[in-house]
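There are 2 protein chains.
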Amino acid sequence: MSLASPVSETRSRRADDQRRRILDAAVACFARSGFHAASMQQICAEAGMSPGALYRYFPSKDSLIEAIVERDRADVPELLAPLLEAEDVVGALVEAGVRFMSGALQPDGMPIYAELCAEAVRNPHIHAINQRCEREIHDLLTRVVRRGQALGQIDPALDPVEAVRLLSALADGLATRLALEPDADLSGLTPVFERAVRRFLAAQTEPGQ
Amino acid sequence: MSLASPVSETRSRRADDQRRRILDAAVACFARSGFHAASMQQICAEAGMSPGALYRYFPSKDSLIEAIVERDRADVPELLAPLLEAEDVVGALVEAGVRFMSGALQPDGMPIYAELCAEAVRNPHIHAINQRCEREIHDLLTRVVRRGQALGQIDPALDPVEAVRLLSALADGLATRLALEPDADLSGLTPVFERAVRRFLAAQTEPGQ
Chain A
1 MSLASPVSET RSRRADDQRR RILDAAVACF ARSGFHAASM QQICAEAGMS
51 PGALYRYFPS KDSLIEAIVE RDRADVPELL APLLEAEDVV GALVEAGVRF
101 MSGALQPDGM PIYAELCAEA VRNPHIHAIN QRCEREIHDL LTRVVRRGQA
151 LGQIDPALDP VEAVRLLSAL ADGLATRLAL EPDADLSGLT PVFERAVRRF
201 LAAQTEPGQ
Chain B
1 MSLASPVSET RSRRADDQRR RILDAAVACF ARSGFHAASM QQICAEAGMS
51 PGALYRYFPS KDSLIEAIVE RDRADVPELL APLLEAEDVV GALVEAGVRF
101 MSGALQPDGM PIYAELCAEA VRNPHIHAIN QRCEREIHDL LTRVVRRGQA
151 LGQIDPALDP VEAVRLLSAL ADGLATRLAL EPDADLSGLT PVFERAVRRF
201 LAAQTEPGQ
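If you read the sequences in order, they're chains A and B. Each residue of the first sequence is one higher than the last, beginning at 1 in full-length UniProt numbering. Each residue of the second sequence is one higher than the last, beginning at 1 in full-length UniProt numbering.
Please keep in mind that the hints were generated in silico from the structure rather than gathered at the bench. Some hints here could point you the wrong way.
What follows is a list of derived Cβ distance ranges for each label pair [what the hints assert, rightly or not]: (1) B:Gln204 x A:Ala74: 36 to 44 Å; (2) B:Tyr55 x A:Gly188: 40 to 48 Å; (3) B:Gln41 x A:Ala157: 52 to 60 Å; (4) A:Arg56 x B:Ala202: 55 to 63 Å.
The structure displayed is predicted, hence computed values, not measured ones. For each residue, glycine too, the CB sits at the ideal point set by N, CA and C.
Using the sequences and the hints given, assemble the complete structure.
Structural data, given as C-alpha cells:
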C-alpha cells in the first residue's frame, strides 16, 4: 500500500466512486423497469454520466448485474463474520435475521432481489455468479452452525449443511416478502421467526424446559 | 348445466382447451426469455396458433400473466382443502410441503415463479393479482392452523396469521430454490424441513417427549 503514489491512490478512489455511482443507478433502473426493459441510456441518465464513461467501467448489462451481485457478496463476510465469534450463537443468528428483516442488514442490491432470481433462472452466466456468491455465504453459515454445535448450543444431530439450506430458504422467502411488500409491518412476524429458528436449532430434549 | 345445448358445451370445452394451450405456451416462453423479452409472436409460434386466434383470448401480455396466476390459484383450494379435513393436521401440512418440494404438488406456473415475483414488484396490476391469490391461500392455511389448535395439535399460543406468514415465507424460499435449481437433490432437506415445521407448530411443553 505504501508503494502506491498519492496520485494513483486518488485515481483509484475516484474510480471506486464512479463504479459505486453507476451501480447505484443501475439498481434504481433495474428495480423500476427490470433488466430487459432498462436501457444503458437510462442508466447513464440516472448516473448523470456519458455512455462513453459508463462503458469504460461496464461494457454490458450482464457486467453490471455481475458487479451488483459481487458488491453485495463482498459485504457479506463483514456482516456475518461476527456470528463466528458470538458467545450466544443462536441468539446472534436470530438477531442477524431480525436485522435483515428490519432493513438494517440488507444488501444494496435488495431492491432487485426478485429480478436477480428471475434472471438467474434463465441466464446461465448470472446463475453461475449467483451460485458462487451463495456458496460463500452458505460455507460461512455452515461454519457458524458447526461452531454452535461444538459449543453445545445447537443440536449435534442436525446436519449443518442441510440446516443452512433450510435457514437460507427461510431467509430467501423473507427476502421475497420484503421485495413484494417493502412497507409491510413485520413486528408480528419477528417473535414467530425467532421461535422457528430457536426451536429448529435446539437439541432434541431440552431438560428443565 | 342441463340447459346448455351439446353444441355450446362442445364450444366452451374447445375454448378451454385453446386457453390451456396458449397459457402453457406462454409459461414456456416466459420461462425461456422473461416477460419483457418474450413476444406475443413467439407465444403464437409455441402454441401453433395465429396472432388473431391468440388475441381473441388474450389481448395483452398482462392478461396472459393474469390468467396464469388465476389458473394456479384456481387449483389451490382443491390441492389444499384436504388439509381442512386431515386427522393429523401437522402431518398433513408437512406432507403438503414435501409434495410441493418433490414436484408432485406444484402449480403449472412454477417455471415462472421467480419471474412472476420480479414482475409483481414493479407492476402494480400484477402485484394486485398476486396479492389477491396469496390472500386466498393464506386464509385457507390460517383456517388449517386454527383447526390444528382446536384439535390440540398446534400450540394455541401461536398467532395463526403470523404462523402462516412464517410458513409461507419458508415455502416461498423453497420455491425460489426449486426455480433456481430444478434438479437439486432435496432428499437431505426433507427431514430438516419436517423438523422445522413440527417443532415450530408444537405446543411449548411436550410432556412425555
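Status of the hints after comparison with the structure:
1. B:Gln204 x A:Ala74: 36 to 44 Å: The hinted range 36 to 44 Å holds for Gln204 of chain B and Ala74 of chain A, with Cβ atoms some 42 Å apart.
2. B:Tyr55 x A:Gly188: 40 to 48 Å: holds (45 Å)
3. B:Gln41 x A:Ala157: 52 to 60 Å: The hinted range 52 to 60 Å holds for Gln41 of chain B and Ala157 of chain A, with Cβ atoms some 56 Å apart.
4. A:Arg56 x B:Ala202: 55 to 63 Å: Taking Cβ atoms as reference, Arg56 of chain A and Ala202 of chain B lie about 58 Å apart, which means the hint holds.
Every hint from the earlier list agrees with this structure, and none is contradicted.
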